[in-house]
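Trainee: Sequence:
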Amino acid sequence: MNQQVKKISPRVTVALAALWLAACGGGGGDDGVVAATPNVQPPAASGPTAAPTTAPTAAPTGAPTSAPTSAPTAAPTGAPTAAPTAAPTAAPTAAPTAAPTAAPTAAPTAAPTPAPTSAPAPMPAGWSTTTLAPEMWHRVAINDTGSVMLAGSIDGAGGSLRLSTNGGSTWTAQPIGQGNGAVGWIDMKASADGTRLAAVQFLGSMFISSNGGTSWTEVPGAGFAGQAYESVFMSSTGTRICAAIMDGAVYCSNNGGTSFTAATSGGAQLTGKFRALAGSTDGTTLYAGAGDGRMYKSTNGGATFAPLAVTVNGAAVNSGWYRMAASADGNTVVAAGNNQYAGPSTGIYISHDGGANWTLAYGEGLDFTSLSMSTTGNVILASASDSNGGRILMSTDGGATFSQVSNPPGGETNWRSVAINPSATRAIAATGTFLGVTGNVYRFSGSLGMP
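Throughout the sequence shown, residue numbering follows mature numbering (1 follows the signal peptide of the UniProt record, and there is no 0), covering -25 to -1, 1 to 426 in sequence.
Warning: the hint list may mix true and false statements.
If you anchor each label on the Cβ, the simulated ranges turn out as follows [said to hold, decoys possible]:
(1) P109 with E339: 27 to 33 angstroms
(2) Q153 with D267: 29 to 35 angstroms
(3) D328 with T140: 45 to 51 angstroms
(4) T233 with G156: 23 to 29 angstroms
(5) N306 with G101: 27 to 33 angstroms
(6) D168 with A291: 17 to 23 angstroms
Hints listed in this document are in silico derivations from the structure and should not be mistaken for laboratory results. Note that beta-carbon positions come from the ideal geometry of N, C-alpha and C, so glycine has one too.
Input sequences plus hints: build the corresponding full structure.
Mentor: Dropping the structure here:
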């Protein structure tokens, strides 16, 4: 009886296992494991010895192990893992990142940038626009009280020379030097009281007035017409006048312009690429600067000049000299270059001992277009064009420091000339470019920080 039970039990077990597997759908989807079990059983049933040994071992091991392992593991792992991971990750990441980043970055950057560029700054206190129409203004001049002002333009066809005797409120055209082939008016000066005036043209002539502009006289002589004048100097009384010619000589007069004599240096006529003249109010001390970096000094009213070395801490200064200015006694002198016309420009240099020692007062090599100084030398104004940082600079401590003056009005960058009266209470400034862009003329009334 026991032998029959042992023989029947494996068959019952196999049958029950087969029914359980069929009910579970063939092993819970693990086709590789379930298919291996029926292939092993038929060969085991061919003999009495192999059948009981192979069947009980393969059936319980293959069936129970494959079914529970495949079914419970595959179902819970695939369903719960895929759903929670994909849904929460994609939704929160895409939405918050795109919305907050794009909106705040584009709005604040685009809006504030164009506004300060296009809208001019308010007119600073003390500055006002004159009634002169826009022209290619090149140089301006002012007398001691600030009542007499001169403005000259360069347009390639003679330009225009304007005179004001009421501090820039009204202007009158000076009908001189027309049709002589000059490019325009390149420099002009006024005596302390404004009765004596001097003006020079580029590729033109030199003109003198001894009655406040009522009439003008052209300096006679073949050597004075058609010259490339660059700078003119006039003493406070108007009796001493000097003019510098580019690639030429320096001529001086001690009789108010009645006659002129060529200056000498070392026994020969002084020649060079002269661009700038400056001197004391009485005209005894004079400085002449050249575009190639040479500088000369005269202590006898321009009769003779001697070379003047410009060094800082023992090293020669590498700069051309385009504009200069001096204090009333001539001891303080300031000079600067221009990269376009007298370069290189390496800054503003100043001497407080008549040129014996120099310091770099402003170290940025702008295209400086003019320099002007008060009686004591404490107040210094410098203008620069826009080709390399156009602005007006001012020092109120004798050149120890410079700061940028608020442009009158904002937006102007082509600064060609600025001039102040000896007490630094009146000023005139002009904008425009040499044969290029028109500009305006501005006047100032107030205090420029005179100690």
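Trainee: Look at each hint and say if it fits the structure.
Mentor: Okay, the hints, checked on the actual structure:
In this structure, P109 and E339 meet the distance hint of 27 to 33 angstroms, their C-beta atoms being roughly 28 angstroms apart. For Q153 and D267, the Cβ-Cβ distance of about 33 angstroms falls inside the hinted range of 29 to 35 angstroms, so the restraint holds. Taken as a hint, the range 45 to 51 angstroms is violated for the pair D328 and T140, whose Cβ atoms sit roughly 38 angstroms apart. At roughly 25 angstroms, the beta-carbon separation of T233 and G156 lies within the given 23 to 29 angstroms, and the hint holds.
Under the hint 27 to 33 angstroms, the C-beta atoms of N306 and G101, about 29 angstroms apart, fit the expected range. At roughly 41 angstroms, the beta-carbon separation of D168 and A291 lies outside the given 17 to 23 angstroms, and the hint is violated.
The structure fails to meet hints 3, 6 from the earlier list, while all remaining hints are met.
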